[in-house]
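S.K.: Residue-level listing of the chains:
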Amino acid sequence: MLSFSLRRTLLAIPLLLGVATLVFFVLSLAPGDAASIYLRPGMTPETLEHIRRSMGLDDPLLIRYGRWLLAFLQGDFGYSHFYQMPVRDRILAALPNTLILASGALFFAFLIGILVGVLQAVKEGSFLDSVLSGVTLFFYSMPSFWLALMLILFFSLSAMKLWNWPFSFPVSGIQSPGADLLAPWDQFRDRIHHLVLPTLTLTLILAGGVARYVRTSMLDVIRQDYIRTARAKGLPETRVIMKHGLRNGLIPVVTLFGVYFPFLLSGTVLIEYVFAWPGMGQLMVESILRKDLPVVLAGTFLFGGMVVLGNLLADLLYGVVDPRIRQSDG
Amino acid sequence: MGRRAGFLLPGLPQLLRGRVLGGGFALFLWLGLLTLAVTRFDRVRGALLGDLDDWIALLTLAMVLGGVWLWSFRAGRRSMVTGRGSGEGSPGALGQGWRAFRRNRMALLGLGTICLFYLAMLLTPFLAPFEPEFREAYEVGGDMTRRLAAPSSVHLMGTDEFSQDILSRILYGSRISLTIGLLAVGISVTLGTFLGAIAGYWGGLVDTAIMRLVDMVMAFPRLVLLIVIVALFPTTIFIVIVALAFTQWPSTARMVRGEILALKEREFCEAARALGFSRGRILFRHLLPNALGPLIVVATLGIGNTIVLEAGLSFLGLGVQAGTPSWGSMVSDGRDYLMDAWWVATFPGFAIVLAVLAFNLVGDGLRDALDPRQSEGARR
Amino acid sequence: MRRSLSLLSLVALSITACVGESGDGPGAGLGDTFCGPALARVDSFMATFAGEEPTGGRYGGMVVVGTVADMHGMSPRAAGDVGSAQHQQFVNLMTLIEADESFDPMPYLATSWEVSEDRTELTFRLREDVYWHDGELTTAQDVAFTYLTVINPASEYPNPGFFQHYLPGEEGVEVVDSFTVKFHFQPHADILESWRGLAILPHHLLGDVPTEELSTHPYGAVCPVGNGPFRFVSRAPGESWTFQANPAFPEALGGRPYLDRYVYRVIPTQTTLLAELITKGVDVYVQMLPNHAATAREETGLTVLSFPYPAIFFVAWNSRVPELSDVRVRRALTLGTNRRQIIEGVQGGEAVLLNSGVPPVHWAFDPSLGDSLPYDPEQARSLLIAAGWVDRDEDGIRENLDGEPLVIELIYNQNRERQQVGEIMRVQLRDIGVELRPRVMEFGAYMSQITSEERDFEGAFVTFETGFRLDDRDLFHSDAVDGLWAFAGIMDPELDRYLDTLQLIPDRVEALPVWRAYQNRLLQLQPYTFLYSALRRDGVNERLQDVVMDPRGDWATIRQWWIAPQDRKTP
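Chains as they are written, first to last, in the working numbering: chain A, 1 to 330; chain B, 1001 to 1380; chain C, 2001 to 2571.
Worth flagging that the hints you see were computed from the coordinates, not collected in a lab.
Where a beta carbon is used, it is the ideal one built from N, C-alpha and C, also for glycine.
Some hints here could point you the wrong way.
Claimed, not checked - Per the computed footprint, the stretches of chain B lying under chain A, defined by three or more beta-carbons under 8 Å from a beta-carbon of chain A, are:
(1) 1108–1117
(2) 1229–1243
(3) 1250–1262
(4) 1331–1339
(5) 1345–1357
Unchecked claim - Okay, the calculated beta carbon distance ranges per label pair:
(6) Leu17/A with Gln2186/C: 32 to 40 Å
(7) Pro184/A with Gly1203/B: 39 to 47 Å
(8) Leu17/A with Arg1279/B: 33 to 41 Å
(9) Leu17/A with Thr2055/C: 53 to 61 Å
(10) Leu1116/B with Phe127/A: 24 to 32 Å
All chains should be built: construct the whole structure from the sequences, respecting the hints.
M.R.: This is the structure:
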């Protein structure tokens, strides 16, 4: 199992390079000159020529590609002309922000999703089950940016103006300006405060999907013979569910975690845009629009890498929680 | 009695026999359309001289009115003959599925909603109170206060900053939003099924090649690729659809491959092989139809996701050309007015939620009915 | 459950890790060899003022300004974007002269200046008490260095045209003594105007950097060291810039600014920005949307300052295209556009209708010109008929003799204002039988299309930040017809004559008639349909006092801004 997974991961490296190569050519072949983004009224053609040169655009496409590939293989992501800093530094500034937001949201989504899903499965067919099904499906069907805008309206503006709540949540950014002057504990609180709305948005939308998945897989298990046997043995219902149901019902959820893993980087694009969250999503959108090729390439590579990692993680976790697979594969 | 009632009012025989949902829906549909045809008679008549849209609307109106009536009439007559409404149809997997599906109230509600959405889309020329680009304020001698007007009896959902009627634009916008979902998923499911089936059935090198391609497209951050394509190339609806389709097929391919691999080992397949049927025939006549259930589920859920995704692209200011109404771009245009004219972004947002919800309800219902063991993957 | 617990601690860990990290500032680890030592020197120089700074009264507090786009920074290259240019001029760096409320030149880094009798020399005398934030004195050397840098195309400075009359290369500048610098040039009209926009760079830090490498040097965007009223503290790219009051700022120029801290925040969604303004998360919302201004005006505690701004918005018609080569067609397009209604609809009435490229804040602006070419669809129709465009197949769109319909494609980049104006113009022009097809493009492709040699466009929306120094030669002069900026591609000897003359008349009274004649000629030729110059609106929290916004820029008066002690908030 492990060797199989490792082989797949190694195979993924040329695959990811292929993906980045595709992006390279698609972006380079897009109409319009990337340097012309920096054109300003009154600029002379000589200046434009210099901009083109400093962006490395004056060479033929294939040479540019070769140069990029060579540097990339050596771990040099290149230079962002728009942000005027090395791509590595720019990405390192954005990466933690996205990771914090997405990991928090994923955590709560799985927590709530599993709780709701199990509850639904246990009470299958009840009124509660129907209501929860409706609610989860409702959030699952909602465009995330739309929910984000609505939450801003409710929890920030209306909370403050209409209902006179004593508090409102900040609607943008990862921390208050000047937060670096605060005591560490207050800084921490400030960050948590800023996390509330974006995390809530993401959690609501993700939890729906998780709950639906958990419900299905739990129902699968509950209908199995050994559960019936356990019940027939006269074990108390909670024990049946907790001991036998949960254990087997949650195994497939582990694969779901693998599926959601890439989300840590790439799932927050629209949310970051609305909440001015300076993370990877915002960086990628901005860089694509600015044709900041090195940033887009590095980002694509990272995003793709997360998918591969997610698959690997799912494989490994599955092996850990379900020994049968390990045996049959090993 | 039932026959006469069916002749007079479609849905009535069903209602009389206690089938409230089906009968009620038929009755509601029939009466609604009749009312529409009568109140908008001038438009319906005008449509005879109109363009393709008008003709489609006209045809839809006639066919649905006639169809519902015919269905009710025949169902009523049959029930008179046999005494019971059931017993029709083949007992195949799909037929059984439909019977299971029919028992699911929520799924039926979703199906009804979808039908209404598409019906409204087709009938837009008769339904919409205004032209999508009727800009009252900017007509000669226009009244600028008609811009961003709150919902009223004239403009049921208010107007936007161009004084265009939101309800009309939602109706016209459904053409893009609903079509994009349907077409993109259609293309991606076809492509995914084809490649997945080939990979699963042929195996070997073909399988490896196709699955590597699947891995590669799967490793692609979908939204990033979509933004690259849609932002940097001249956008047409066609490009958006193709971009959406070509980033979606791998999951279908993977699923179909798995199904085929499993089905390949079953007896009926062995039998077909023993009879000396060609590979193509076995694959397309015997294996694929058996994989149809999960496919339909994936497709239905996929349409909802695609609508959300298109809305997301439009929200970033990408997607379909500005000026052409689509639900996503309407939300995007309206978000600047969120605080002084909430209706501009809210109603198209509701349209998205409602449509996606309906598709997901149907998808869930289909899954329960056709393939209870099929588990869903993650979104995005 | 155990797994989820460990996940929680992972989250907490990464949050605290980031809190800890922010203390070092994002500058740490970036361009170590330059930024580390440079910022360390700034810190130690600033530390020498500890305890000496004025306190109490108006001193103290923090202001947050929110905008939709990040700044490029303090390098000459970055001066092309409005935010960066203003931060270079008013916040982090200094210009030689600045403008007072009536836009007359005022001493700033230079105490005095002198133009020679024959108008070929300009001598600046500099202040002797301006320190770079790392403790070095600002001298004539810095001025000469900056000048030589920006006239080199390799610096990517966007406005080399400011100095086109200057003698080439090093002949143009002469360091007389440590605080006196002299420039040599051919006589021309606006001698001082160029110096208001050019921020002086530190020679002692950048002197060794080859000009080609300046645009990628960490100085600009990672650790700028200026000499202006605010010093750079930190930057989180895509998020914020933080500046701190400079205690060493010369007393004669007002000394240390009142604000302790000033933060420039990036919030890409305008609705979110408005929400932040209302919930007091930001103090200033720069360049509000018109309807957001209306919302903010109704809020208590907020004011909206609207002010004219030297920017013009127009449709450039490409006269190289056969349909648009006919001046009658271009006139008809202008006459058929109800520009007053557009101003009402898109800008809420807060814009000045234009008929030339002279913005309302410029001294040569002629208000009477606004009444020319009023909306007149009747006249537009007859002009089109005279030009041979008649609706021959009665489909509502005019055709020429060959049956080709009058369809004009109008390109622009993604932007709400342009989209709205395009849509309104489409409706209006359809009324006179012209089909306008607005087409949104990605910004780079749009710029390429309107500036490349092929000029593959028919009409294009363009917004120009004109500044106060007007020189339209690269737009309309025959000599520049193949240059980047000759969108219209018209060639007219009369216009050439005016354009050449205008650059040489220093006296405004003498120049005014020529400006008039020039603008009238533009009116006749209609290379563009000029639309308007919109007011710029900034939403401001009322706790912020003495904020004056005028055409000089949003940040022009930041040195005077202050907050009463009771209104200051601890973040």
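S.K.: Taking each numbered hint in turn, which are not upheld by the structure, reported in ascending numerical order?
M.R.: Per hint list: 1, 3, 6, 7 violated.
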